[in-house]
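Colleague: Listed here are the chains, written in short residue letters.
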Amino acid sequence: LLTSVLVQADDFVISDVKIAVTTSESVRKLYESIPYPSSFDKPIQLTSGDDFKMIFVVNDKQTQKGVQPHQAFLTLTSEKNGNQIPIIIRVRENGKSKVELDMKSAPDELLSSPGNYSLDLIIGTFSYNDPLKYHVGTLEIDVPIQSSGPSPVVYGPKPEIHHIFRPDEKLPPIWLSYSFMAIVLIPWVFLIGAWAYIGVNVSLLARAPESSLMSILFLGSLLAIEILFYNYWTHLNIFQTLTWLTGLSIVAFITGQKALSDVQKWRS
Amino acid sequence: MRCLLFIFAFVLAVGVFRVEPRSTTGNRVLVLLDKEDDKALYSKFFNSLEEREYQLTYKLPTDSTVDLFSYGERAYDHVINFAPKTKNYKDKVNPLSLLNFVNKGGNILLGASSELSETMRDFAREFDIDFDDIDTSVIDHFNYDISDDGKHTLINAKGITNNEAILTKNVIEGPPVLFRGIAHKVGTIPLLTKVLWAGETAYSYETKADQQVDQEPLVVGNKVMLVSALQARNNARVTFVGSTELFSDRFFDSPIQRTNSAESFPKSGNEDFAKDLTKWTFQEKGVLKVTSRHHHKENETEELELYRIKDNIIYTIEISEYANDHWQAFNGTDVQFEAIMLDPYIRKTLTPLPTSPEQQARKYKAHIQLPDVYGVFTFKVNYKRSGYSYIEDSSVVAIRPFRHNEYPRYISAAYPYYTGAASMIVGFLLFSAIWFFNKESSKIVKKKTS
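In the order they appear, the protein sequences are chains A and B.
Heads up: take any position in the first sequence, counting from 1, add 31, and you land on the numbering used here.
Heads up: take any position in the second sequence, counting from 1, add 457, and you land on the numbering used here.
Hints listed in this document are in silico derivations from the structure and should not be mistaken for laboratory results.
As the structure is a computational prediction, the values presented were derived from the model and not from experiment.
All C-beta atoms in this analysis are idealised placements derived from N, C-alpha and C, irrespective of residue type, glycine included.
Check each hint, because a few of them may be wrong.
Footprint (simulated), chain B over chain A, 3 or more residues, beta carbon under 8 Å [as the list claims (entries may be wrong)]: (1) 79-85; (2) 273-285.
Derived, one-sided and incomplete: chain B residues facing chain A with beta-carbon distance under 7 Å [to be verified]: (3) 496; (4) 598; (5) 779; (6) 800; (7) 829; (8) 888; (9) 891.
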């Protein structure tokens with residue numbers, strides 16, 4: 032088990048790091064020299080049309096001479112989603128390098144997602160054991176947010192859909208119904224009043240039961256028919272109703288005939 | 458007589474103790490190799506497959522006797538393709554045949570290397586996987602193993618999926634995986650799942666020492682894919698591994714330690730990773746099936762073909778998962794129910810009911826109120842998640858509108874009419890009673906006309 036503590040000794044050394052940002056009207060917005068190994072602490076703002084340039088020299092630590100590593104990338108890593116955008120750097124024989132990010136011709140990935148990007152310089156090559164990752168600074172990409180077209184489908188739970196039911200038919204307000212109910216019942220006032228005035232009564236009921244038997248039965252059968260109609264309104268069907276009705280109407284007919292002849296006899 | 462008895466007992470024993478294949482789709486594997494001697498390189502891997510009761514057949518792709526199909530049916534259930542170098546595949550195993558194999562439900566484990574021929578690169582493109590050019594490798598100057606030969610191509614893979622349908626927790630959290638091979642780029646189709654990828658400092662390029670990277674590489678950083686998995690719509694699985702050496706005995710047994718790091722492991726995670734990967738690819742893991750589904754009105758049990766709008770129904774579905782060699786209750790929590798007529802009208806997440814350990818499927822239930830639109834609806838459970846088999850279970854029902862007597866019976870706007878009719882009835886009966894029994898009082902003077 033190797034437990035030796037390895038000192039992070041880079042094989043490469045960077046020097047003469049300079050960055051510059053020029054706007055589209057060729058106005059120099061930023062020009063700084065960054066002392067390696069510290070990073071540039073202020074965020075570098077880039078809007079559409081700006082041009083970012085960086086130059087540096089990469090030397091072999093041992094020989095202090097310029098070296099051309101296999102991998103020399105300037106990587107922009109989005110702080111939002113970890114997306115990485117590399118820029119390839121061509122290093123000249125003496126180790127001098129120049130890298131440019133022109134917002135006019137930047138990759139679409141960058142132009143469609145504004146935000147903060149971490150700017151890192153990654154240098155590595157074969158057979159060198161200690162590659163270099165140097166955090167240069169932070170880029171603030173300020174471009175208008177573009178809708179990047181249809182986003183790729185990802186399998187996952189979809190949003191729930193709750194069906195919105197059509198609202199019940201709107202009926203007139205209940206107080207309107209109640210007031211018309213009252214209006215419908217008003218004639219009763221007049222009826223009862225008129226009857227009271229002319230002295231209406233049911234005193235003949237007090238007679239001997241036999242003489243008013245048929246009348247009572249007849250009225251009873253009328254009541255029964257009305258109750259049947261109420262039941263038909265609530266739960267019976269036409270066939271059941273007609274069945275009952277045939278029976279009840281025979282009773283009503285017979286008792287009615289008798290009752291009316293009784294009344295005629297009595298009145299004459 | 459005794460001989461017959463013996464034969465009978467033998468046949469019985471063989472019949473009773475017949476081994477069930479561990480995979481849900483079969484155990485016949487075709488292994489394609491570049492050359493016969495390669496078999497010895499992966500001896501541990503192949504032996505572990507044979508211990509899991511797979512029948513392996515080793516062939517070269519240039520062999521004219523090998524045929525994926527026999528009388529129109531698949532002759533094998535799975536294919537392991539460790540023959541990236543071969544250019545001339547015979548017709549019966551060429552990319553077109555392999556594609557037909559997948560379309561008929563066969564699974565493929567494809568191993569590639571830096572010497573990947575155009576034949577297999579074209580095959581991978583059918584699945585939205587883009588391998589880099591021949592002679593390129595995955596290079597990472599920051600994450601190579603200490604046993605690397607200076608080219609920094611023997612890397613410790615950093616990014617691993619945390620999808621437990623594909624890899625077990627032990628593998629996800631265990632020692633890193635050794636990889637040496639070719640990179641690929643993954644497309645955006647939802648059928649693909651990234652399984653293993655490189656770190657942020659990796660890139661894919663040729664390894665000639667005296668040149669710089671001067672063209673944009675195919676992939677850089679965490680987009681460098683090392684292992685990807687695809688599950689086709691018919692649930693066939695194809696896994697793409699950029700390094701055949703990942704399965705070699707040497708990598709299985711090798712200790713692993715990243716350069717410039719003190720953390721080291723006596724054995725790499727390759728053997729367990731390969732085991733999980735083959736379990737998933739050969740349909741032993743992450744396989745789902747629906748055992749039954751029911752729908753009925755609340756307080757009833759009969760499954761109707763015709764429901765009414767605004768009916769309250771209960772929908773249940775039972776889903777089973779194959780894990781550890783037997784079917785057991787599935788543990789997903791986001792199974793959704795949809796009621797669809799051209800577009801979904803209702804989408805609701807079903808609640809899983811608790812199960813006892815012996816139960817083979819988990820029941821999911823939902824209380825649904827049917828929409829107030831009538832027509833022919835499909836009750837569908839469309840469960841597609843990365844790593845698990847796709848489930849699309851549908852039943853068709855008709856929903857009818859209200860019958861004439863299912864509308865609200867008494868309407869508040871009709872109260873005046875009800876009272877009017879009642880009032881008439883009462884008035885009639887009262888009047889009849891009075892007519893029979895009224896005794897005129899002496900107050901009213903009978904006007905007698907002469």
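Colleague: All hints are to be evaluated individually against the structure, with a verdict given for each.
Modeller: Status of the hints after comparison with the structure:
With a cut-off of 8 Å between beta carbons, the stretch 79-85 of chain A has 0 residues touching chain B; three or more are needed, and the interface restraint is violated. With a cut-off of 8 Å between beta carbons, the stretch 273-285 of chain A has 0 residues touching chain B; three or more are needed, and the interface restraint is violated. The restraint placing residue 496 of chain B at the interface with chain A is violated, with a minimum CB-CB distance near 32 Å, outside the 7 Å limit. Hint status for residue 598 of chain B: holds, given a least beta-carbon distance of 3 Å to chain A, under 7 Å.
The beta carbon of residue 779 of chain B comes no nearer than 20 Å to any beta carbon in chain A, farther than 7 Å, and the hint placing it at the interface is violated. With a cut of 7 Å, the hint placing residue 800 of chain B at the interface with chain A is violated, because the nearest CB-to-CB distance is about 9 Å. At a threshold of 7 Å, the smallest CB-CB gap from residue 829 of chain B to chain A is about 5 Å, leaving the interface hint in force. Because the closest C-beta pair between residue 888 of chain B and chain A is about 9 Å apart, greater than 7 Å, the hint is violated.
Among the interface hints, the one on residue 891 of chain B holds; its C-beta lies about 6 Å from the nearest C-beta in chain A, closer than the 7 Å criterion.
This entry does not satisfy hints 1, 2, 3, 5, 6, 8, going by the numbered hints stated previously.
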